[in-house]
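Given next are the chains, with one letter for each unit.
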Amino acid sequence: MKPKLSVDCLGVHCPVPLARAQEALQKLAVGEVLEIVADDEEVLEDMPAWCRVTGNEYLGYQREGGIIKVYVRRKA
Amino acid sequence: MFSNNFATIGSGDGKRRMIYADYTSSTPVLPEVMQEMLPYFDELYANPSSLNDFALKARRAVEEARERVANLLGASAEEIIFTSGGAEANNLAIKGFIHANRARGKHVVVSAVEHYSVMHPLQSLAREGVQVTRVGVDEHGRVRVEELERAIREDTILISVQHANHEVGSLQPIREVAEIAEERGIALHCDGVSSAGVVPAKVEELGVDMYTLSAHRFYGPKGVGALYLARGTRLLPLIEGGIQERGYRAGTENVPGIVGMGKAAELAEREMRSRLEKLRRLRQRFLAEFQEEVPEAKINGHPGEVNPMYAHISVAGVEGETVVAELSARGVHITSGSPCMARAAKASHVLAAMGLSAELIRGAVLFSLGVPMSEADVVRLAQEAGEVIRRLRGE
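Chains as they are written, first to last, in our numbering: chain H, 1 to 76; chain E, 77 to 471.
Heads up, some of the hints might be wrong.
Interface residues of chain E toward chain H, partial, derived using beta-carbon atoms under 10 Å [to be verified]:
no., residue
1, 203
2, 397
3, 423
Hints were generated in silico from the structure; no laboratory data involved.
All residues carry an ideal CB built from backbone N, CA and C; glycine is no exception.
Bound conformation, chain E alone (with noise of 0.2 Å):
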């Protein structure tokens, strides 16, 4: 069950009630998902590989939380190998497809606002003779189907497209691409961990052949994800040296994680429809609450096809790291850009790829909302962050 504590936790401010308005970047365990944990820390601890009897129930469990991420997305357990974590999930997903397939091509069309997760594998691959062609976006972050229809080739082995756009939200048109992926033959990667557990993802209607999920990101644990591998698609490992994950990913399981992101997803399965309703009813009242504190903003990302968590805004006249330091100072905590990129100042691709000026990249800030805030807490968020930027502006 949700509650209000998780805002509270950490509050640094002792009169007024922290903000956590940085929920694409972690969420919160949720209560019932750490009670399924605890047990495999110290009580239930055998490694599921062993044979003997105090084992079977940590297999057991390992395989009742296959289900219920397959169950997820639609898949067959069989089709689930959990790893440490979406970039895990993504460099599996992108080096072992290739590998395993690179007598039948060289050649990988993918979106230009890919996660580095899916951009930086390819990057060493390109040693090995790999190529690469990255398609445009447009304003809004969505890839053009068009521009991707025209970059394959004939020796095209995978399509690689992100089902939310990690920086701005922005949900990509996947099964226009899958429709072309399929005619062509080619195979069809979706880094889903900016949309899983929150947005319906069932695979089958997606028509992905891979597709990967953090459990983090949908109040589960840290250091767990998966990767669903539709039935037929061969992939090689990246860890080898064991026979767990069916051969795809050797190594003693985190079994507690794996627990903890199978309550995760049978719980957002569950409450999707009700958490869904929260989340667009939060973000319709932060962005009128906050175009009135700052009218001139820009919204960013797509008006209507966008995980409701993201409020992705570039207000011009400020840096985006400013308004975020402000803005924890006062309690209240958001991000700017993709917080892997926050701590290495660099530009965002993302926002460069849609077309934003230099002046509205740095002025990009994110606020991402949670099922546990509140409307009180949202209309406070825009209160803040208007009194903050209007201060940098000097107005």
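The shape of chain H in the complex, shown without the other chains (with noise of 0.2 Å):
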């Protein structure tokens, strides 16, 4: 799982992250992946519920110390 893009969203609390995905997600084709780089535990519950609602498919995350990394494919 290569993601196509990467955005940062370190420093900054929900619900930004998600308004930065929504963006972000929109110069990728279907089928591509997105990467959320984020502190803010919150992403974890937010992304995979954003996710829900916005039809875009939740991959899973990854941790590097205090460093979260969300994966996110466009579905949508």
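Combine both chains into one complex, guided by the hints.
Set out below in structure tokens:
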């Protein structure tokens, strides 16, 4: 799973990562993957919920120290 | 003077007049306000900080606006700091106060239903060791005062509770919170963005040390707000690099905006009683009509202690966003939840804190009423909403 695009959300709080993800996803083709790099724990709750609402696919996350990398595949 | 023309601007319908019922997102600028602003774009454009005689008029205009905003709050002019809006004023209050008073403690108490412009600065300050306790609210969204009192610690330096909730409009028991804050020697900030210029907000009566206002919420322009900072309250600036606003907010003043805010504040103060009477009447009529249309709808927010612009309603079995979109296609413009969250498709932390079920959160819509509206407008608003909701539920 190689992300096509990565969006920097370090230091900002939810729902800002959702808004940035939404904007970044528009630049991807359907089927491509977006990486969201964040440090607000709320993304772990918000991104899956946001994917359900928007019809995109939540692929999961990885932790690297205090950094959370969330992966979303554009579906809608 | 208010004109119903406001409601027709931008009508996409052609046959039926547009209904704007999103006044808690923003209000139109009153003609008198715009008239006072205009000369400061192209005639009296000097920098108020310049020392030449031409600049004096701009400087005087800013100071007159400061007096007018101070009058609205029953404060002194030197206690008003102009900002770029409510969000900046809230950031300035929270970050500026904590940075200036960090040596005295590191703990802050807030309600669980504050706006993000209070919550996010606190989340950022957590990286500097600041600790925050969020106090729960009752079913109407009003902070539990006893719980708030119990949350106070030896190292608590600041309490921040909004005046009116930004989603449901419930007025918070600020006076009670202020008594506790005063007794314990803790500063109190109050986010008044959803109340100032609409309901009485005299800072002495409320007992607050800081109070946030936003001009576009009371028929003034966007891009300008203010923070009331009580004499003796220590604050550090967010934006440095100039002596404007006595060093609390560097940067050349938004003179037309500030002049507009001053005029809007003057009119709000003068007309507050009549505007409130009208809004209460409109709200009562709207809710009565709406309940005829959708009898099982749940009206959120406190039944009495509420900013009467707000008619926040949950309907089971529909999506708030869909109701908004369907109504908008008919030329009826409302909102779901609070506008910044609606665009991010994030469930409301306010409604969750009030204990609403997931279904009632999903089905929440906000009809927010304004002084330019007529009784006929609110009747049609209720009828159109009723039709859309019934259709969406397949009735």
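A quick look at each hint next to the structure:
1. 203: holds, 8 Å
2. 397: holds, 9 Å
3. 423: At about 7 Å, which falls below the 10 Å cut-off, the nearest Cβ of chain H leaves the hint on residue 423 (chain E) intact, so it holds.
When each numbered hint is compared with the structure, no violation occurs for any of them.
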